[in-house]
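Chemist: Each chain is listed here by its residues.
There are 2 protein chains.
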Amino acid sequence: MKKYFHADEWSIIEEGLHPEDNRIYESAMSLGNGHMGMRGNFEESYSGDSHQGTYIAGVYYPDKTRVGWWKNGYPEYFAKVLNATNFIGIDIMIDDEKIDLAKTKIKYFKRVVNMKKGYLERIFTIIDDKYGELIVNAKRFLSIVDTEVAAISYSITPVNHDVKISFIPYLDGNISNEDSNYSEKFWTEVDRAINEYKGNLTMKTKKLDFHVSTSMKYSVLEDNNSINGTIDIIDQEKFVGNKITLTGKKGRTVTLNKYIAVTTNRDYDKSEIIKISNERVTYAYNKGFEELFIEHVDAWDKRWEASDIVIEGDTEAQQGIRFNIFHLNQTYTGDDPRLNIGPKGFTGEKYGGSTYWDTEAYCLPFYLSTANEDISKNLLIYRYNHLEKAKENAKKLGLNGALYPMVTMNGEECHNEWEITFEEIHRNAAISYAIYNFVRYTGDSNYLAEYGFEVLVEISRFWTSRVNYNSYKDKYMILGVTGPNEYDNNVNNNWYTNTMASWNLEYTLEVIAYLKKEHMLRYTELENKLNLTEDELSKWQDIINKMYYPYIESINVFEQQDGYMDKEQILVKDLPKADLPLNQNWSWDRILRSCFIKQADVLQGLYFLNDMYDLETKKRNFDFYEPRTVHESSLSPCVYSIIASEIGYEDKAYELYLRTARLDLDNYNNDTEDGLHITSMAGTWMSIVHGFGGMRIKDNTLCLNPFIPKAWDEFSFKILFRGNLLKVKVSSEKVFIKLEKGDYLSILLYDKKYTICDELIIDIN
Amino acid sequence: MKKYFHADEWSIIEEGLHPEDNRIYESAMSLGNGHMGMRGNFEESYSGDSHQGTYIAGVYYPDKTRVGWWKNGYPEYFAKVLNATNFIGIDIMIDDEKIDLAKTKIKYFKRVVNMKKGYLERIFTIIDDKYGELIVNAKRFLSIVDTEVAAISYSITPVNHDVKISFIPYLDGNISNEDSNYSEKFWTEVDRAINEYKGNLTMKTKKLDFHVSTSMKYSVLEDNNSINGTIDIIDQEKFVGNKITLTGKKGRTVTLNKYIAVTTNRDYDKSEIIKISNERVTYAYNKGFEELFIEHVDAWDKRWEASDIVIEGDTEAQQGIRFNIFHLNQTYTGDDPRLNIGPKGFTGEKYGGSTYWDTEAYCLPFYLSTANEDISKNLLIYRYNHLEKAKENAKKLGLNGALYPMVTMNGEECHNEWEITFEEIHRNAAISYAIYNFVRYTGDSNYLAEYGFEVLVEISRFWTSRVNYNSYKDKYMILGVTGPNEYDNNVNNNWYTNTMASWNLEYTLEVIAYLKKEHMLRYTELENKLNLTEDELSKWQDIINKMYYPYIESINVFEQQDGYMDKEQILVKDLPKADLPLNQNWSWDRILRSCFIKQADVLQGLYFLNDMYDLETKKRNFDFYEPRTVHESSLSPCVYSIIASEIGYEDKAYELYLRTARLDLDNYNNDTEDGLHITSMAGTWMSIVHGFGGMRIKDNTLCLNPFIPKAWDEFSFKILFRGNLLKVKVSSEKVFIKLEKGDYLSILLYDKKYTICDELIIDIN
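Residue numbers (my numbering), protein chains in the order written: chain A, 1 to 765; chain B, 1 to 765.
Keep in mind the hints are simulated off the structure, nothing from the lab. Any given hint might turn out to be false.
Unchecked claim - Mimicking EDC-like on lysine to aspartate or glutamate, the simulated pairs with C-alpha atoms at most 20 Å apart in a straight line are:
#1 A:Lys473 <-> B:Asp566
#2 A:Lys473 <-> B:Glu553
#3 B:Lys475 <-> A:Asp562
#4 B:Lys539 <-> B:Asp474
As the list claims (entries may be wrong) - Covered by chain B, according to a simulated footprint, are these stretches of chain A (three or more residues, beta-carbon under 8 Å):
#5 105 to 112
#6 307 to 316
#7 452 to 463
#8 645 to 656
#9 663 to 673
A virtual CB, placed ideally from N, CA and C, is assigned to each residue, including glycine.
Build the full structure now, drawing on both the sequences and the hints.
Modeler: Rendered as C-alpha cells:
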C-alpha cells in the first residue's frame with residue numbers, strides 16, 4: 001500500500017510536494033471549526049491540480065432533481081454543499097513574478113497539520129537564479145474560540161539578496177462548485193469594499209438567499225516590527241484585494257498577518273452582517289495572531305483532554321485515531337442545533353445534504369462520551385425541530401406519522417433514488433434509538449417529556465401505517481424496503497427493519513408508562529396534543545406481538561430478509577480478488593442478486609439491541625454474516641469489529657478495526673481526494689471504546705470489558721459520563737482507571753462492581 | 001368523455017379549428033410511410049400552440065446518460081428520436097400579409113386524414129375586410145410507393161376579389177427537439193442550394209454523422225394551367241425557399257404543387273445523397289401530383305385488402321380499429337431490416353429508442369397475419385443482426401450468451417434505470433418466442449437453420465448463466481428481476497420469467513432435435529461454430545426439470561412472484577376512484593408494495609404458451625389477477641381481453657377491448673398530444689383477431705373460434721396465412737369464411753376441420 005503520510009503521533013505531514021496526489025493532501029489537511037472550514041489549499045495561486053474548497057456550515061444550494069423516470073414523491077431538489085468565498089488567498093510576487101509552486105523551483109517543501117494545536121503550516125524554500133533562495137512559512141488556523149475568525153501568518157525570508165516582494169491578500173467570490181454538472185455560478189455579489197489594509201466582500205446565493213459577508217484586515221511586519229509598503233488597491237467584481245510591495249531584506253523575515261471574519265444571515269440580520277464581520281475582523285486584528293492562536297490552542301487542549309485516545313507501541317494506529325477524533329471535533333461542535341455532521345464535513349463537496357442516519361447511528365456515541373451533554377442533545381433537538389417536515393414527508397408518501405429524510409439540510413428530503421428515498425425507512429428507527437441512547441447515557445429522562453416523546457409517537461405512527469397485516473400468516477410484515485445493506489433493494493421483511501420497528505413501538509410504550517408515572521401532567525398534555533388513544537396503543541402492542549421475523553431455521557440464524565437464503569451462498573474469501581470491490585467490478589443486478597452484504601445489517605441490530613441477544617446468538621450470526629460481508633461501506637467494519645470484540649474474536653476485531661482506522665490517511669478506498677469520510681470516523685472511535693474497551697451502559701451504570709489488541713503495548717481512552725471524566729488505560733497485564741473529574745463513580749468492570757474515587761488498577765488474568 | 005373526432009368509418013376529422021387541442025389533432029393526423037413521417041402540422045406558419053415534428057426512420061441522437069448514482073453496466077447514452085428538416089413548409093402571404101390561422105379570421109375549417117387513401121387534407125376559408133373570402137385546400141401525402149417522396153398540393157381560390165398572393169415554399173433545417181432538456185441544436189448544415197423552382201438543404205447530425213438531404217421542386221397552376229409569378233430567392237443558414245408572387249383572380253384557383261424527396265446516408269454514400277434526392281424530386285415532379293397520388297392510393301388499397309377489419313353497427317369501433325391498422329402500416333413497412341417499430345412511430349418524440357419487446361410480443365402477430373412473410377422476417381432478422389451486441393450486453397453484466405436490450409436503436413442498450421435495464425430480462429424470451437411464433441405461423445422452418453438457432457442458443461446460454469441453483473430446495477431460481485408488470489421491481493422468481501426461460505430452453509432443445517433430423521450438415525456446422533456440447537444441453541435439461549415456479553396452493557393459481565401473496569390483497573374495484581391512475585396518485589413505494597398490477601404478467605404467459613394450459617387454469621388465473629390489474633400500460637387490456645374471449649367471458653372481453661380500441665382518438669390517457677401509442681395498436685388488432693376471432697395456430701393449422709360482441713352487428717377481418725388470403729366474417733347467426741387468394745386451405749373452426757376452396761358458411765348454435 002502506498003504511504004502518503006509520515007507516521008507521527010500528533011501531526012499529519014507531507015514531506016516534499018506531491019503534485020500528483022495534491023487533492024489527497026488537501027483533503028487530509030482540511031481545517032474546520034464547526035462554523036466554517038476549508039481544504040488544505042495553498043494561500044498563493046497554484047496552477048497544478050487542486051480542488052479549492054471553502055465551506056460555510058448550513059449554507060447550501062437546492063439543485064433541481066433530474067431523473068429518467070419521475071416517480072411520485074421525489075423531492076424537487078438535491079441540497080448541494082456550496083463552495084464559498086475563498087478567503088485564505090495571498091498571492092506572492094518576487095521581483096514582479098508570481099510564485100506558483102507548480103512552476104517555481106522548490107528546494108524544500110513540507111505541509112503539516114498539527115492536530116494537537118489545530119493549525120496548518122507550510123514551510124518551503126524556493127530558489128531562483130536571479131533572487132536566490134527564499135524561505136517561506138505560512139501558518140493558518142480557524143479559531144475554535146471565535147468561530148467566525150480565521151488568521152494566517154505568511155512569512156518570507158530572503159536568504160541571499162534583498163528582493164522586491166509583493167503580497168496580494170484578497171477575497172475571491174468568483175468560485176464555483178467542483179461537482180457541478182454545468183459551469184453555473186451559485187453566488188452573486190451583494191457588496192464589496194476595499195481600502196488600504198482592509199476589505200469586505202459580501203455575496204449571496206442565487207437561491208435560498210443565503211448571505212455571507214467576509215472581511216479581511218492585515219498587517220505587515222519585518223522581524224516583528226511593523227513596516228509599510230506601497231499599496232495598490234484591487235477592486236473587481238466579486239474580488240477585492242491589496243497589493244503591498246516592499247523590499248525584503250536579506251536575512252530578515254517579512255510577515256503578512258491576515259485576519260478574516262465570516263458572518264452569515266443564518267446568525268444575524270442581513271442588514272448587519274457586513275458591520276459585524278468588520279467588527280469581528282477588527283477585534284481579531286487588535287488581538288493579534290499570537291494571542292488568537294494561544295486561545296485557540298488552549299481550547300484544543302481541553303477538547304483533547306476529553307476525547308483523546310492514546311495508543312502505545314503503534315505510531316500509525318495512534319496517528320489514525322487522532323486524525324479521526326480531530327476531524328470529528330473540527331466538523332461538529334454542537335453549539336448550533338440547526339447544524340449536523342455532513343458525510344464530508346468541510347473537506348469536500350461530494351454527496352449532497354448534511355444529515356444522514358450516520359449521525360444517530362455512528363456519531364452520537366462519540367459526542368455522548370467525549371463532549372458535554374448539550375452537544376449531543378443538540379443533535380437530538382435538530383430532529384425534534386424537523387418533526388413537522390418529517391410528518392409532511394410521510395404524508396407525501398401516503399403514510400401517517402413522521403418519516404425522517406434519508407438525506408437532508410433543513411428537514412426536507414433531498415435524495416432521489418426510489419430504492420433509497422422511499423424504501424430505506426430503517427433510518428427512522430435510528431432517530432428513536434438515538435433518543436433511547438441519549439437517555440440511557442445521560443440519565444436525562446426529562447428529555448423524553450420535553451422533546452423525545454413526540455418524536456417517538458410520530459415515528460411509531462409511521463411504522464403502524466407502513467406495516468401490513470398478512471391475514472394468511474396472522475403476522476405483520478414490512479414490504480418493499482432497503483435495509484442498511486444497500487446491496488439489496490426493495491426486499492420484504494428486512495430483519496433489521498422489522499426488529500427495530502417493533503423495538504421502536506415497544507420503547508414508545510415503555511416511555512408512556514414512564515411518563516404516566518413520573519410526568520403525569522405533562523403526559524396528559526401530550527396525550528391531548530398528539531390525540532393518543534388506547535386503540536392506538538393496543539394496535540402498537542398487536543404489531544409488537546405479531547411482527548414477522550425472517551429466520552433461517554436450519555442454522556438458527558436471523559435471515560437478513562425474505563428470500564436471502566434463496567441466493568447462491570458464496571463467501572467473500574472465495575471470490576476472485578479482482579472482483580473486489582464489487583461496486584467497481586460487478587454490474588448492479590449481479591450485486592443485488594448475490595448474497596454479498598455491503599455493510600452490517602443483521603449485525604447492526606445485534607449491536608443496537610445488544611442486551612436482547614445472548615453471546616451465542618451473536619456468535620452464530622457473526623459467523624454466518626461476516627464471511628458474506630464485503631464492507632464496501634466505510635460504516636461497516638466498525639460494527640462487526642465491536643461484535644467480534646464482544647464474542648471474543650480478538651484478532652478478527654483488530655483486523656476489522658484496521659479497515660477503517662486509517663481509511664482516509666491511507667486512501668484505502670481510493671477516494672480521499674474527494675474529501676474525508678467524516679461520519680465513519682466516529683465508527684473507528686467506537687471500535688476502540690465500545691469494541692476493545694467493551695464499553696456499554698446498563699441500568700445507569702458504565703460497564704467495561706476491555707482487552708488489548710496484540711499489536712499494541714497499551715491504549716487509553718477517556719469517557720465523559722454524567723459529569724465524570726474517566727481515563728481508562730489498558731495493557732496486556734492490567735486495566736488502570738482514573739477518575740480525572742468527579743467525586744466518585746460506580747462502574748462494572750468485567751461484570752464486577754467497583755466504585756472509583758481516584759484510581760483503580762486491576763490485573764488481568 | 002370529451003369527443004375530439006367525428007365518427008367516420010374511413011376518416012379522422014376535425015371540424016372547426018381547436019387551438020387548445022391542436023397537439024392532439026397533430027398527433028392523430030400524423031402521416032408516415034416507413035421511411036419518414038410527420039405530425040399533422042400546417043404547411044403555413046402557425047403561431048398558436050403546436051408541436052412541429054418531422055422524423056426520418058433510423059436517424060437518432062445519442063444523448064448522454066445522466067443519473068444520480070451511476071451503476072456499473074449503465075449504457076452511455078439514451079437514443080433520442082430526432083426532429084429533422086421541416087419540408088412541408090409553404091408560407092402564404094395575401095396582399096403582403098402572412099396567413100397565420102392563430103390570427104387570421106377563419107370562416108370554416110376542416111382537417112381530415114383519409115385513411116383509405118393515406119392523405120391529409122385541410123379545407124378552410126379565411127376572411128378579411130380588405131380581400132374578402134379565400135378558400136384554401138391543402139392536401140399532402142408521403143408516398144408509400146416511392147418512400148423518399150412526398151407531395152403537397154396547396155390551392156387558393158379568391159371568392160370576392162383579385163388578390164396578390166405569395167407562396168413561400170421552403171425547407172427549414174433550423175429545428176430542435178421538443179423534449180430536449182436544453183435548447184441544444186442537434187443538426188449542422190452540410191450544404192444548401194436554392195434556385196427558382198427548386199432547392200436542396202442537406203443537414204447532418206452533430207453526433208453519429210447522419211446526413212439527410214432534402215430536395216424540393218414546385219410548380220404553380222391556375223385552374224390546372226401552368227402560370228408564372230415573380231420569384232424571390234430566400235437563402236439563409238439552414239433555410240432555403242422561394243417567394244413566388246402572382247395575382248389570384250377572383251373565382252379562379254391557384255395551386256402550388258410542392259414535391260419533396262428525402263435521402264439519407266443510411267441508404268447511399270454521403271457523397272451521393274444530394275444528387276439522388278435531386279433526381280428523386282425531379283422524377284416526382286415529372287410524374288406530377290395526380291399520378292403520384294393514384295399510385296399511392298392503389299398501394300393503400302392493397303394494404304387494406306390484406307389487413308382491414310370491418311365492423312358493422314358501430315361506427316366508432318370501426319373508426320378506432322382502422323385508425324390503429326392505418327398507423328401500424330404507416331410506421332413499419334418491413335423493407336428495411338435495420339428499422340423497427342418505435343413506441344411513438346413518426347408521431348412524436350417521447351421515449352427514446354425505436355425497439356422494445358413490444359415488437360415481438362405485440363406487433364409481430366399483426367404483421368404476420370396482414371403482410372407478406374418477408375415483412376415479419378425482417379423484424380426477426382433485425383434481432384439476428386444485433387446478436388453480437390446482445391452478447392456484449394450480457395458480458396457487460398457479467399453473464400454468458402446474449403441479453404437483448406430493453407430499448408435500442410442499433411442493438412445497443414439505451415435505457416438507464418437499473419430495475420428495467422438490468423432486471424427486466426423477460427424481454428429476452430420474447431425474442432425467442434417471436435422465432436417460435438414466426439415458424440409456426442409461416443411454416444418456414446428453414447429460418448431456424450439459417451438464423452433463428454444461433455439466437456436461441458445464445459439466449460439459452462443467457463438463461464443458464466442467469467438462473468441460480470438453490471441447493472436447499474434443489475431448484476433453479478431467477479432472482480432479482482422485473483417482470484412485465486413494472487409495478488413490482490427487483491423480485492425473485494417472477495412466474496412469467498421463470499416459465500418463459502424454461503420454455504425457451506425447451507424450445508431450443510426441440511429445435512436441436514429438428515435440425516439434427518432435417519438439417520444435419522447445417523447443424524454440425526452450427527454446433528462447431530457455437531461450441532455446443534452435450535454437457536451444455538444436459539445443463540439446459542436440468543434447468544427445465546428443476547425450474548422453480550411460485551404457486552398459490554390454496555387457490556391453485558400461479559403466483560406472480562415470490563412473496564406476492566404477502567401483499568395486502570385488495571381489488572381494484574375497492575380502490576377510491578380518485579386514486580386512479582395509481583401512477584399519478586400514489587408514491588412509487590406504495591405502488592410497489594401493493595398487489596396492483598400494471599399489465600398482464602402471469603396472463604401474458606398464459607397467452608403466449610396458450611396450448612400448455614387448460615381452460616380451467618386460465619379461468620382461475622384470470623379470475624384472480626384481472627381484478628388486481630389496473631391496466632396502466634396500454635399493452636395490458638388486449639392480453640386480458642384475448643384470454644377473456646377464450647374462457648367465454650364475452651362481456652369482459654369487450655369491456656377490456658374498449659380500453660385500447662380508441663385510446664388515442666379519445667385521448668383516454670390524456671397524452672395523445674405527445675404522440676400515438678403505436679405498439680399497443682397491434683394489441684387492439686389482436687383483441688379482435690385472436691380474441692373475438694379466436695385465431696390460433698396449432699400443428700400448422702389455422703384455428704378459429706369466433707364470437708361477436710353484443711354491440712356489433714357483424715365484423716370481418718382478413719388473414720394472410722401461408723400465401724392464402726382469408727376473409728372471416730362473423731355475425732350473431734353465422735360465420736362466413738372466404739378464401740380470397742389461394743387454392744384451398746384446411747382450417748379448424750370451433751375445433752372442427754373444414755377445407756375451404758372458396759367459401760364456407762357455418763350457422764352458429
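Chemist: Quick check: which numbered hints come out false for this structure?
Modeler: 5, 6, 7, 8 and 9
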